[in-house]
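Participant: Chain residues, written in single-letter form:
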Amino acid sequence: MAEFFEYYFDRVFGLVLRLLGDRTAAEDVTQEVFFKVYRAAHQIDPARDPGPWLTAIAYNACRDLWRSSAHRMSGKSRSIDDEAIVEPLASTANDPEQDALMNERERLVRTALAELPEALRTPVLLYEYQGMSHQEIAELLGIEHAAARKRYSRALAALAKLLKESLG
Amino acid sequence: MIDDIDVLTPEEREAAAAVRGLRMRGASSAFRDRLQTEFMTGSISSGLDRSRVREVPGVFRFPARWVPPLAWAAAATLIAVTAIGLNRGPAWQVKDVSGSGIIVVGNLPIPLEHSEQLAAALLPGARVRVPPGATVEVMAPGNLAIVLMAGTDVEMPASPGRWFGRGVSATLAGGQLRITTGPRFKGARLAIHTPEADVAVTGTTLAVICEPQGTCICVLEGHVDVGARGGEMSVVDEGRRRFVFNDGRGPEVDEMRPTERERLGEFRDSMDEALRR
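So the sequences go chain by chain: A and B.
Following my numbering, the residues of the first sequence are numbered contiguously, the last one being 175.
Following my numbering, the residues of the second sequence are numbered contiguously, the last one being 282.
These are computed hints drawn from the structure, not numbers from a lab.
Any given hint could be a false lead.
[As the list claims (entries may be wrong)] What the simulated footprint calls covered on chain B by chain A, stretch by stretch (three residues with Cβ under 8 Å from a Cβ of chain A suffice, anywhere in the stretch; the number is not a length):
| # | segment |
| --- | --- |
| 1 | 19-25 |
| 2 | 34-42 |
| 3 | 45-52 |
[Unchecked claim] Here are some of the chain B residues that sit facing chain A, going by a computed Cβ distance under 8 Å:
| # | residue |
| --- | --- |
| 4 | Leu13 |
| 5 | Glu16 |
| 6 | Arg28 |
| 7 | Gly31 |
Even for Gly, the Cβ is constructed at its ideal location relative to N, Cα and C.
For reference, chain B alone in the conformation it holds in the complex (with noise of 0.2 Å):
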């Protein structure tokens, strides 16, 4: 320790001289018998061990590199819950009832009268039966209007989505939907499913009949794509309707039928203004 007497100032004489005047602080007692006693016996641990899962009191704590790529998942995260809830579509409103009974949704019975009960209800996905002798006429605003008529059973479609997720199906399983679409479906897809047809609607004003020997398709305006389930789609124009038959017979294209026409119409004009707002 002398060899640096010499070259050392007086201040760092004192401090060498200070820490060399530390005194000793023992451990205590009870950690010195512990660890003589484990010691001599061989039960001694890694105190590194139990070092690292003190320092872990429960918490989990980041490692400090983790930190950017976690800031990032979470602005990430939130940019996409954010974009998912924007884009999402107007939800259904029920526009007008007629008859009544009770209108399952799922699980649930719910009275025709109450609308905002069955408002609440008509989500994506959800299946609905329609009491006979009923109509219920549902809109998202902008997007879609659809005519449920009596006996239908329907999977409701989603609202097509504003800037992504804009093709959206439902499944017809029996009954009739009338379909008209508005200006923000521009764009859009929907696509109707019935045991016997695919149809493929991108704007247009249309009726979906389920009857007992195949599915009925009726155009009003526009054009729509018809075709047997998983088969090739052709196109229906205006004024036209296509019948898929379930026996296995090709086709049927003919005129619409005046009465489908008139109705077609009266529902068109009924929803064209609620569908402009």
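With the rest of the complex left out, here is chain A (with noise of 0.2 Å):
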């Protein structure tokens, strides 16, 4: 169970961070995850690589958070930006100049995947960030590959649009 959790719970948190877009949400998301993978602890079969399952459950489990009345009450995912500012990145070089930059850019990549509705940066996260083909997508989401492969495209045309015009 160590082994597990030490394995897995920054890619949990890390997917579950990036589909919420806000760091109390994805916490409390990532607890749920771990909460249901400690219940069925023992139909886990070590033979078969939990990672799709455990994905499958964060996606559950934010698709649950998306749905609750009081996450839609308080305004939706927020914008990662805020957090950006309270928790700068960690430094990468020892160019203050180009780390500022980064930062920067990073946080505005951030807030654009904000800006995408759930039903198209769920998509590109997965496919970007999670490394599942489109065909796992569409079977984690319920719907038909072609449609999984149009949200993703739709998702990356409504993304550089408002990276162009935010970065110019």
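With the hints as a guide, bring the two chains together.
Facilitator: Okay, here's the thing in structure tokens:
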């Protein structure tokens, strides 16, 4: 169990944080995922990769949160923009100017992602961030393969437009 | 991921790369450590339950679908409250007091000289006990004027409402009431209950007198319905009186006594102008 947690915690948290765009909500959903894992621990097949199963649990928990009246009333997911101000990204180089530029660019990308509707944001994040295929995304979302590809394309088109506006 | 590259525009390819290039953002070590401990020890609880509790920080939020019916309910309540307020008939005013002593309204003793305090206490249903040797004239402008004679013990009626709630009632336990109605009383109804009689007034001048043997109802003008308590009502015409006995005897109907006719006439004349204002 300890190894399982060590291996998957960051992946689960990273996915739900990007899907939700809000750190507090991401913590709640991550806790929900591991709560469900704990309850179903006896059903886990060590011979199979639990990755897709965890992704499905995480996505469904995010969806439950999106659908909850409390979440709707609170104004949907918050922009990651705010979070970036509170918690600057770790420096990756010794050049402060380069760091500042990279942080700003990331902030704009996250803001643009947060502006996408959930139906578009999810496929592009699962594809680009989680490395899932369109077929796997289609199965997870319960839609046709072609629809998953379409959503991905629309998401990138919308994202490109938003980034063009913000990055110039 | 390669399967889409061919169909993407350069801008879309750039957007995809930007998403892919977002750096990993880790959880706080405090959250990670807490969750790991709970996960390993089995004390982990539902995160969504926690989220729901957090989303309601002590302030109840109405679901959006409740807003239209609640708005209608609030508007209806406002209209109802306004209508009830506007409908209320004029409050009792003390027109004249003779004699001296202490009148008791509810459990509140009020010197007869304090007519403002007395008027404020004359609420519908208030029990009023008039001291011996005193009389109190009260009036609801346009509606009703009543003289509470010495020794009267009565539960005051409300002033009839303007549009609804036009039926009002009083309970006379002892003493005597002289009553005359004004122009705004038209369509209203005053019921007076004594220990042995029910009286229904719809516009007239009359006296209701509680005596040791029963209740006497003297009608100066118009007509009044009178009956034994809970019994059938009979009409008492102008200039007549009806005595309802308390010993089981049948009612006695006769001409009004001249003295009573004279007193009621004076009362009506004295109130007539005031009631028409």
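Participant: Of the hints stated earlier, which fail here?
Facilitator: Hints that this structure does not satisfy do not exist here, as all of them hold.
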